[in-house]
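Colleague: Protein chains in written order, with UniProt numbering: chain F, 1 to 93; chain Z, 1 to 181; chain C, 1 to 187.
I should point out that these hints are in silico values taken from the structure, not numbers from a laboratory.
Backbone N, C-alpha and C define an ideal beta-carbon position, used for all residues, glycine too.
Where hints are given, some of them may not hold.
[Stated by the list, open to error] DSSO-like cross-link-like pairs, simulated, lysine-lysine; straight-line CA separation at most 30 Å: (1) C:Lys131 with C:Lys173; (2) Z:Lys63 with C:Lys50; (3) C:Lys168 with Z:Lys63; (4) C:Lys173 with Z:Lys90; (5) C:Lys127 with Z:Lys38; (6) C:Lys127 with Z:Lys63; (7) Z:Lys109 with C:Lys127; (8) Z:Lys90 with Z:Lys63; (9) Z:Lys109 with Z:Lys90; (10) C:Lys173 with C:Lys152; (11) Z:Lys135 with C:Lys127; (12) C:Lys168 with Z:Lys135; (13) Z:Lys63 with Z:Lys135; (14) C:Lys131 with Z:Lys63; (15) Z:Lys63 with C:Lys139; (16) C:Lys168 with C:Lys127; (17) Z:Lys135 with C:Lys139; (18) C:Lys168 with C:Lys152; (19) Z:Lys135 with C:Lys173.
[Unchecked claim] Rough simulated footprint, nothing fancy, chain C against chain Z, three-plus residues with beta-carbon under 8 Å: (20) 78 to 84; (21) 99 to 108; (22) 142 to 154.
[To be verified] Some chain C residues near chain Z, calculated using beta-carbon distances under 8 Å: (23) Phe80; (24) Ala104; (25) Ser113; (26) Leu114; (27) Asn115; (28) Tyr140; (29) Gln145; (30) Ser147; (31) Pro164; (32) Lys165; (33) Gly167; (34) Ala171; (35) His185.
The chain contents come next:
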Amino acid sequence: MDWQGQKQAELWMQILLLVFSVGALATGYIIGSFRMMMLIYAGGVFFTTLVTVPNWPFFNRHPLKWLDPSEAEKHPKPQKAVVSKDKKKSSKK
Amino acid sequence: MGWIAEHVESIKSMKIRDTLSQLITLGMIVSTALIIWKALMCLTGSESPVVVVLSGSMEPGFKRGDILFLHMSEAPFRAGEIVVYNVEGKPIPIVHRVIEVHEQENSGKVDILTKGDANPVDDRSLYAYGQNWLKPQQIMGRAVGFVPYAGWVTIIMTEKPIIKYMLVGALDSAGETYLLF
Amino acid sequence: MHSFGYRANAVLTFALTILALMCAIASFSDNFNFPSPSAEIQIVGFNGFKKKPHGNDEVSLTMNITADLQSLFTWNTKQFICSDKLGFGCPMTIWNPFFFVFVAAEYETPQNSLNQVSLWDAIILAKEHAKFWIQTKNKYRFVDQGSNLRGKDFNLTLHWHVMPKTGKMFADKLVMSGFRIPEEHSV
Numbered sequence: 001m002d003w004q005g006q007k008q009a010e011l012w013m014q015i016l017l018l019v020f021s022v023g024a025l026a027t028g029y030i031i032g033s034f035r036m037m038m039l040i041y042a043g044g045v046f047f048t049t050l051v052t053v054p055n056w057p058f059f060n061r062h063p064l065k066w067l068d069p070s071e072a073e074k075h076p077k078p079q080k081a082v083v084s085k086d087k088k089k090s091s092k093k
Numbered sequence: 001m002g003w004i005a006e007h008v009e010s011i012k013s014m015k016i017r018d019t020l021s022q023l024i025t026l027g028m029i030v031s032t033a034l035i036i037w038k039a040l041m042c043l044t045g046s047e048s049p050v051v052v053v054l055s056g057s058m059e060p061g062f063k064r065g066d067i068l069f070l071h072m073s074e075a076p077f078r079a080g081e082i083v084v085y086n087v088e089g090k091p092i093p094i095v096h097r098v099i100e101v102h103e104q105e106n107s108g109k110v111d112i113l114t115k116g117d118a119n120p121v122d123d124r125s126l127y128a129y130g131q132n133w134l135k136p137q138q139i140m141g142r143a144v145g146f147v148p149y150a151g152w153v154t155i156i157m158t159e160k161p162i163i164k165y166m167l168v169g170a171l172d173s174a175g176e177t178y179l180l181f
Numbered sequence: 001m002h003s004f005g006y007r008a009n010a011v012l013t014f015a016l017t018i019l020a021l022m023c024a025i026a027s028f029s030d031n032f033n034f035p036s037p038s039a040e041i042q043i044v045g046f047n048g049f050k051k052k053p054h055g056n057d058e059v060s061l062t063m064n065i066t067a068d069l070q071s072l073f074t075w076n077t078k079q080f081i082c083s084d085k086l087g088f089g090c091p092m093t094i095w096n097p098f099f100f101v102f103v104a105a106e107y108e109t110p111q112n113s114l115n116q117v118s119l120w121d122a123i124i125l126a127k128e129h130a131k132f133w134i135q136t137k138n139k140y141r142f143v144d145q146g147s148n149l150r151g152k153d154f155n156l157t158l159h160w161h162v163m164p165k166t167g168k169m170f171a172d173k174l175v176m177s178g179f180r181i182p183e184e185h186s187v
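Sequences and hints are given; from them, build the entire structure.
Modeller: Structure (structure tokens):
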């Protein structure tokens with residue numbers, strides 16, 4: 001899953017669960033059935049799990065574009081010290 | 001070679017940092033639980049504000065594994081209230097309903113009799129030998145709130161300690177999420 | 001959100017948090033149910049009034065209880081599966097909402113500022129059963145602490161205790177006054 005996909009998955013998880021819980025609560029209250037509320041919510045959780053947990057293709061539409069190696073070679077290699085600093089930074093991220 | 005050594009060094013330091021951060025997370029979970037527990041004690045005035053029902057003597061009201069929230073207030077005990085009380089010489093407190101109250105005005109002496117809803121007779125046989133009435137000092141609190149099934153975690157953990165360690169392990173790795181939400 | 005396990009964990013924790021919130025709201029919704037229960041108790045007669053060997057008065061009586069408590073049921077009233085081993089005389093439906101009712105005698109004596117003694121209790125097992133009429137003797141013994149019951153005025157109070165599926169339990173009562181125990185011991 002790419003960065004955009006992860007963001008999307010989290011957002012959708014929260015929206016879906018909230019919508020299902022509100023729907024379940026309203027339905028349960030109106031028809032006076034606690035059981036129905038639980039069933040609808042359980043279905044909602046199952047659906048949300050199905051949508052946001054597996055690594056679906058639509059979460060991978062924004063692959064990271066790495067620099068082409070040949071592109072990198074065209075530019076002169078920077079100083080060693082600078083390279084190691086860069087590495088530390090990127091590893092922290 | 002120097003480059004590799006540097007790399008190894010950085011990995012090593014990362015591992016220590018990870019372990020430390022995991023330890024802190026675990027500490028945070030434990031202390032959060034402790035804070036909630038102590039705050040509940042203050043709010044409810046009861047020594048143990050949350051209890052798990054172990055027996056079926058209050059069926060169909062309470063089943064084994066249900067969680068009760070207790071409240072302890074200055075208000076006098078009245079018939080019909082569900083109370084949790086301790087009996088001398090018995091390690092596990094009992095949750096039953098008050099069926100009789102005799103209250104003296106001047107001396108402040110209160111005699112209480114309890115009974116489990118599913119039991120055919122009152123609790124005199126459960127009290128300490130020769131004790132006919134329950135005293136308010138023995139009562140830990142009134143049951144005011146109720147959550148079904150949630151107490152099974154505690155029952156299973158007490159009866160099968162190995163699961164406790166597994167659970168702590170799982171909490172540790174998932175700790176951040178528990179704190180996040 | 002980078003791995004399968006991490007996302008599954010996130011869904012589970014968020015779902016459980018919302019579930020707790022839903023239960024809290026459901027429990028809160030009980031506050032918008034304004035029940036209008038009614039009840040009446042008549043004492044048909046006193047079957048016995050005696051002084052026990054160690055000096056406590058004991059009364060035995062028969063009463064008529066008429067009550068309509070149907071409005072106490074809400075969607076958050078606890079249900080249970082009836083089983084015969086509990087011996088509550090279950091109706092045939094499987095899941096039944098229920099609540100607990102009992103009648104207590106309340107009186108004052110020179111020694112005690114308040115006495116409450118339960119005389120009868122029952123578990124109401126279905127909405128149809130919440131409107132009932134029953135003639136019954138006292139199920140539990142009506143014994144005083146001492147010998148103060150001759151000609152004593154007392155109240156009969158119908159209490160009910162409704163268990164929620166989750167959340168706050170709620171209890172209330174109806175007081176009926178103007179009952180009097182006979183002047184003389186019958187045995």
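Colleague: Report the numbers of all earlier hints that the structure fails to satisfy, in ascending order.
Modeller: 2, 4, 5, 7, 11, 18, 30, 35
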